[in-house]
Every structure is written in C-alpha cells, then in structure tokens.
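A.B. asks: Residue numbers (this note's numbering), protein chains in the order written: chain A, 2 to 551; chain R, 2 to 359.
Just so you know, these hints were derived from the structure itself, not from any lab. Mixed in with the good hints there might be a few duds.
[Stated by the list, open to error] Heads up, simulated DSBU-like pairs for lysine-lysine below, C-alpha to C-alpha not over 30 Å straight-line: (1) Lys210/R x Lys294/R; (2) Lys225/R x Lys381/A; (3) Lys333/R x Lys381/A; (4) Lys267/R x Lys129/R; (5) Lys30/R x Lys267/R; (6) Lys378/A x Lys103/R; (7) Lys378/A x Lys61/R; (8) Lys169/R x Lys103/R; (9) Lys463/A x Lys210/R; (10) Lys326/R x Lys346/R; (11) Lys294/R x Lys326/R; (12) Lys76/R x Lys378/A.
[Unchecked claim] Per the computed footprint, the stretches of chain A lying under chain R, defined by three or more beta-carbons under 8 Å from a beta-carbon of chain R, are: (13) 293–302; (14) 443–453.
The C-beta atom is built at its ideal place from N, Cα and C for all residues, glycine as well.
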Amino acid sequence: MKQNRKAEMFSIWNLISIFSLLIIGIFIIYPLIRLFIKSFFETGSFSIQSYKDFFSLPYYFSTLKNSLIVCTFATIGATAIGLPMAYIVTRYNIPCKRFINICVILSLMSPPFIGAYSWIVLLGRNGFVTNLLSGIGITPPTIYGFGGILLVFTLKFYPYVYLYVSGALQSIDSSLEEAAENLGVSGLKKLITVTFPLVLPTIAAGALMVFMTSLADFGTPMLIGEGYRVLPVVVYTEFMSETGGNTSMASTLSIIIICCSTAILFLQKWYIGRRNYQMSALRPPKVKELKPYSRFLATAFCFVCVFLAMLPQITVLVTSFIKTNGPIFVKGFSFDSYLSIFYKLGRNIKNTFAFSTVAILIMVAAGMLLSYLIVRKRNKLTTAIDVFIMLPYVIPGAVLGITLLGAFNKPPIMISGTAAIMILSYVIRKLPYTIRSSTGILYQIDQSIDEASISLGVSPIKTFFKVTAPMMMPGVLSGAVISWITTINELSSSIILYTGKTGTISVAIYSEVVRGGYGTAAALASILTLVTTISLLIFFAVTKSDSISV
Amino acid sequence: MSFSVRFDEVSKNFGEFRAIQNASFTVEKGEFFTLLGPSGCGKTTLLRMVAGFNPIDSGKISFDDKIINNIPAHKRNIGMVFQNYAIFPHMTVFENVAYGLKARGVSRSEIDERVMEALTMVKMEGLKDRSPQQLSGGQQQRIALARAIVIRPGALLMDEPLSNLDAKLRVEMRTTIKKLQQSLGITTIYVTHDQEEALAISDRIGVMKDGFIQQIDSPEVIYKHPENAFVANFIGTSNFIESKIIQIGSQTYLDVVNVQIPISLKENYEGEAKISLRPEHVYLTEEKDNTIKGEIQLATFLGDFTKYEILLENGQTIEANEYTKDVSSFRKPGDEVRIKIHTDKINLFDSKGEVALL
Ligand SMILES: Nc1ncnc2c1ncn2[C@@H]1O[C@H](COP(=O)(O)OP(=O)(O)OP(=O)(O)O)[C@@H](O)[C@H]1O
Ligand SMILES: [Mg+2]
C-alpha cells in the first residue's frame, strides 16, 4: 500500500507537474515577488516612501484617476456599441452577417496602437481630415488627450462585448423566450425580463474585459494621450528615466496597476460565479424579419460601427502607398515606404516572425501538456499551475516587461537584451489563450478514450501522444492562432525589453510614429495587418467557423 | 491465456466515502461473472480497480497467483469495453482494432490476420476502412469488443457495454457477447444494473449494494434463493408480506394474515419476519382452509399470463401472475380470491430483511 502511494507520487505526470511549477516559479513568481520587494526599497533600505508619494503627489495619483476614468468611459462606450450590435446581428435579418463578424474580429486583432496612429493621421494636427476641414474653415475638436484615447479604446475593444454577447444570445434556447411569450410577455418587456437577465453575466464579462485591456493598454495613450497621462504610460516613462530618478517608483506603479486589475478580475469572478446560467441551445433563437425601414437603420448602424473600427486599418493600408517626403505625405503613390522598410527594418520583420514562431511552438507544446495536467490530473500541484499560469492575464505588458528585465539582467539568469527574454515574455503573456482553448476541448474528450488506449497496453505517456494529443489538436490550434496573432502584434512588453538587435515590427512602428516616419510606420503596420488577416482567414477555413473565443 | 481474478479483502475509499468494502471472491478462469447492483453501488469502481485505473486502497487483487496491485494499467493485459465505446475518433475501424497489437510489436502480417479475424467475429469485416463517425452505436460497440479481444487479454472487463443501445439491439448484442465469450473461453467481468441482462448472460452473478457484495451465485440460485430481502427485491419481482414466526409447543408456525402454517427453519427464530414471494408463486385457489383471503383490485391481461393486484386482509397489496394455460376463466376486479402459501416456494427473512431463515 505504501509502495503504491510512492509510485503514484513519482509518476511521470507528477514529475512534469513539479517541473512546470519550477519553471513557473522561476519565470513568473520570482520576478513578481522581486518587483514587489523592490517597490519598498528606494535607496537600499526599506521604505514605503514611493507608495506615500504615489498617493500624495498629484503627479502620480492623477494618473490612476485618469486611467480609471477613461477606462470606465471606454467600457460604457464599448458596451453601448457592442451590445446593440450583437443583438441586431444575432436576432434580425440584416445582410452580410458573416462579413460583419469577420470585420469585428479583425478590428480587435489589429496591432494595438494603429488605432491611435491612424486617428492622428486623419484628425491630428496635420491630419488629412483636419487639413480638409480647415480648408473650408472648420476646426475639428482635438483628437489628442482624453477624447482621443476614449475614441480609440471604444472602437478597438467593443468587439469583446459584441463577441461575448452574441455567443450568449445564440445559446439561449428559443423555448425560453417562447415561454415568456406564451405567458403573455412580449416585445421590449420580454427583452428586459427574460433575454437581458440571461445575458447579463456575459455582458459583464465582456465589459470587464474591455476595462482590463484598456487599463493595460500602453501604445494608445502614449501616442494620442499627450497631456492626459495614464498609469501604463507613467510606468513606462518612470522606468525609462530610472537611471537617474526614482528607482522604486516604476515598481510601485506596477504593483498598483496589478492590484487594480486583480481586483477587477475578482469582481468579475465573484459576479459571474453567482449567476452563471449554463445554457446550450437545442434550438437556437429565431431570426426576426425587420420591416425595410428598420432593417435599413439596423444595418446602417452595424456598418457604421464596423467601418469606424476598421478605419485605422484602411488608413494604414492606404497611407502605406502614399509618397512621403520625410514626415510629410505628398501627392502621388509609391512603394517607397515598403522599399525603405525592407532596406532599413528588415531585421525587425525577421525578428517578429522568428521570435513569434519560437514562442508559438513553445506555447503549443506547453499548452498541451499543461492543459492535460490541469484537466486530467487534478490535484494540488496542478491546481496551483492552473492559477499561476493565468496570472499574466492581470499583468499589463509593460509591467511584465519591467518585471522580467529586473529579474533577469544579472547572473544566474542573464538574458536581458537577448531574443530569449522577448520570447519568454511572449510565452508568458500569450500562453493563456492556448491553455484556455486546449482545456476547453479536453473537457469534452471523454477520459475513457485514454483509458481504452492504456488498457490496450500503451503506456500513459505514449497514450498522450498517440491518442489524446491528436484529438486535442483542433482546440490547441484555435487557441494557438489567437496566441500567434497577439504575439506578432505585441508592443507593450517588447518596447521595454527590446534592444537594437531584437527590435520587432511593432517596436519599429512605434518609434517610426514617434519620429514622424508615418509612411514607414504605415507600411510596417500593413504587413502586420496582412499577416493577421491571413492567419485569421486560415483559422476560419480550418475550423469551419466564423468566430473566435477571445 | 485466460487467468482467474481473485479479490482478497479489497476496499476503496473516496475521502470519507467507502465505495468498496472488503470484497473477497474469485472469478474463475473462463467464467462469465457479472457485477449487478443499483446505480452508485460501486460496480464501476471495482471494475476499474481490476483494470488499474483506480488504485487499490487495501486488500489484494491477483491474476491467477500473481498479485497485481502495483502493476500499472497498461501492463495488465486486460481487454476493456467501455459504456461509451471509447473508439478512437481519429483512426479507422481497422486502425482502432490494430492499435493494441501494434503496441505489442506484433508483425504486420499477423496484425492483418488477427484484426480481420476479430472483425469477422463481431461481423464487422466489411466496414474496416470506415471512420468511427460513420458507424452506428451498435457498430461502434462491436468495434470496441473486437479491439478488446484481439489482444487476447487474460480477462475481459465490460462496464455496462449495452446501456447506450436500444432494447432490441441490446438483446442481440448480449447474445453475440455471450457466444464470443464462450468460444474464446475468456474470463469476463461484466457490469450491469439490468437484472434481466445479468440473468441471461452470466455464469455467476455478484449482487452489490452500497459497496458490499451481497450474494454471489449462479442466476438460478440467486433467483430462487436470494440471501436477503435486497437481493430478492432487486432480482425479479418479489412481494414482501409481513408475518410472524411463532412457537406452539414444539412446532414452529409461520403466522401470515391470520393463517398459521407449520414450517421448519434453519435456525431458531421467533418474532417479526418478511415473506418474499414471487408473483408466479402466488397460488390462487378456491380452498378456504389455511388460505389467505384477498380481493382482486386490478387485472391486466398480458397474453400468456394475467397479472392481478390483490388486496389482502391486512391491507397489503401483492402481485400475482396466473398463467393462461392453467385456468379456464379470468378473474375480475372485486372478486374474492384465496391464496395458498407453499413453504417451499417462498423465501423468509428476519424483520430487517438481512438473514434468510429458510
Ligand atoms: N473519483 C471519485 N471520487 C469520489 N467519489 C467517487 C469517485 N468515483 C466514484 N465515486 C462514488 O463511488 C460510488 C460508486 O461509484 P461507481 O461509479 O462505482 O458506481 P456504479 O455502481 O458504477 O454506478 P452506475 O451504475 O451509476 O454506473 C458512487 O457513490 C460515486 O459517487
Ligand atoms: Mg458505473
């Protein structure tokens, strides 16, 4: 009996669990703890000075306020667009539904800051539209600051609400709403008393996702925020000026930002945990015919929203072919921007795809193994893995960058400035997507399939590779596509971690925009957009679906 | 080839919950043994301990004389058939069946030969290149069976293999399984909660309840001489009639609804007792002496027999079957009937239903 227990303890899966925890400990937990400790040590001795500073100096404290305000409004805005759109597209007979769906997903998956960049190109000081309007004597409101951030966040993140809610709306069995009608409740009242409460948890989940992502977004406020300073931007500037300035402030700000998003995550868990209606529609809800006039309005609403959200990508694509003279666009079209990036920035392009490919391979392997552990070998060890692996969800990219850099810029592990640290941060940040969809599919595969293989004489490890892994593949790959797309577009940790040799496309776009090299930035962004679009289309074709889980 | 499976004081707990308690019995070589019991009684748990998917908390399981507690599942040489078939969806029928042979390093030509042989046994040779999605439930179950026997396992384990099939197919498949088992002479442990299936297919049945094995016997013995009220009730249909055992002088009597019948017990017992009486053993007569009075409540004609619900004088209702060939007329609700108790056709238990008195 004792021997039995021992054998179980040292089973191969336990060894893998322990090994995984070790890796997680070194590369996630240790840097975070280090960051936490560092936030209390300003000049070598323990102090809470930087926390005091944060809450007493308006210079810092206002950034928290600003962040919370702009994210709150962005969340409201995103819900105001995403919710009605989801309802219209799932329930009414408007045309081009598939097209709308794909555009919405594309706008979410675009590089994180081209929104800001494009709106500057359109409505900024020297923007196309600005110049056009001033030609006829109109001065449009400024795009810089609060309004600009809000606009970009809203248009960029409403897809979360849209995708979450349309998923939920489709999973309400039509009998539920029919029952309401049968009981004499219909129209708006049915919507408010039955449909809305059923999707409320999902709306909340989508809205909180908007909030968390915009709280963590660094590129947008950096480019378009100007005087309106938000937390991630200050984290970045504090960190960059750290050599001379306040060494613990960047750490303190990072800790505060992590606390905020953790609090939000728990709020979400708590709220959804209490009202999680498991629904699966046997008969999906009916699609209602609209009268021509209403149908036109509903369609117009969706198209305008989709158009506005896609506008940055269109802008980028068009401007990448416009002739430039230094930072200024001039009349006529040319491929100069493309020629110049291949000339000057070929390394960044190569880096992006090299790093992302290595990262995605690691993610697929780790994702399969870890999700297997999490689902099939549930015990204390694997539960810990489950919790820790999802931790990066609440850590904004810039913060993760700072955390990793602080921990690994001296022996025993000195990888700062190398490709390794970039890849490490990609894996840590984007692995959750792969894990989530892998565990999702694994929950659907009956365990008896594994057992059938084992009882036929194939060892558990071999069974994993011969039976479980092939069956998991579709789920793993669909998560991996999201990981891949978000990795090639990653900016906020790359910007902290890159050096001359390890710059990526998104880093180059960012610095080009800052330098005013709009043409080259547009060409680079177009390459990213193109690869993103192709990846998504392949994904849709392979999975035979037209939606993703984000 | 086939081996016997011996259980020695085998127990299994899930936390505080005692799923299997001190199971001790032996499944003989070549025997078709069925574990029968209500849902949640521990059948699957026990079977999975044999397969190696549930660790054995205490006690020993041996194949022939070899204790296998510490042998990992994939080295136990056991064939297993699962309730949900567990066919590998990414392999063809042929590949599914060949899977275990490949793992054993069997040569290509021998694999071909043995797979086809196994597929022929389950009458699936024509579908060898199909993918599992193109098969019906019954066909998938045949593949699962072929896959389990093709490796020539020392024992075959089946966990409710037929419960996802429709009634007609279930009967057909159980005949297939039984014939296959007999021709291969393979030791088989079969789990079901369907008592009719168990009676039809088994050499011996182990009836389980709450983690305890209640009785192990051949189908006939289990049916005729259940060792306690639970078994009597679970296997077939039984009427339970409240009664008393009384002692008058040196004679023991069974006192049931004001009728006293002399009886001889295995051991001395006095007081409350339970009679268990199968509907087909309720004899309806015209005799007035030493018979129980009752009134027909409901008559259901079912072709070869008629099922009556009879209200006894003590307020209990029992079921009786009267065979069409034995009678010339049918009874109607409201008719008075007399019931004669044949002491050799009843089972008698103590008041708790735990000890058989006859
Ligand atoms: N992994 C487990 N953890 C905790 N309890 C378990 C576990 N597996 C089974 N049990 C419990 O052990 C008892 C026996 O389960 P088992 O699956 O063996 O029942 P069964 O006789 O096969 O029932 P059924 O006919 O419904 O399949 C049940 O009460 C079940 O809840
Ligand atoms: Mg079971």
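A.B. asks: Among all the numbered hints in the text so far, which are the ones the structure does not match?
C.D. replies: Checked against the structure, the hints that fail are numbers 1, 2, 3, 4, 5, 8, 9 and 13, while the rest are satisfied.
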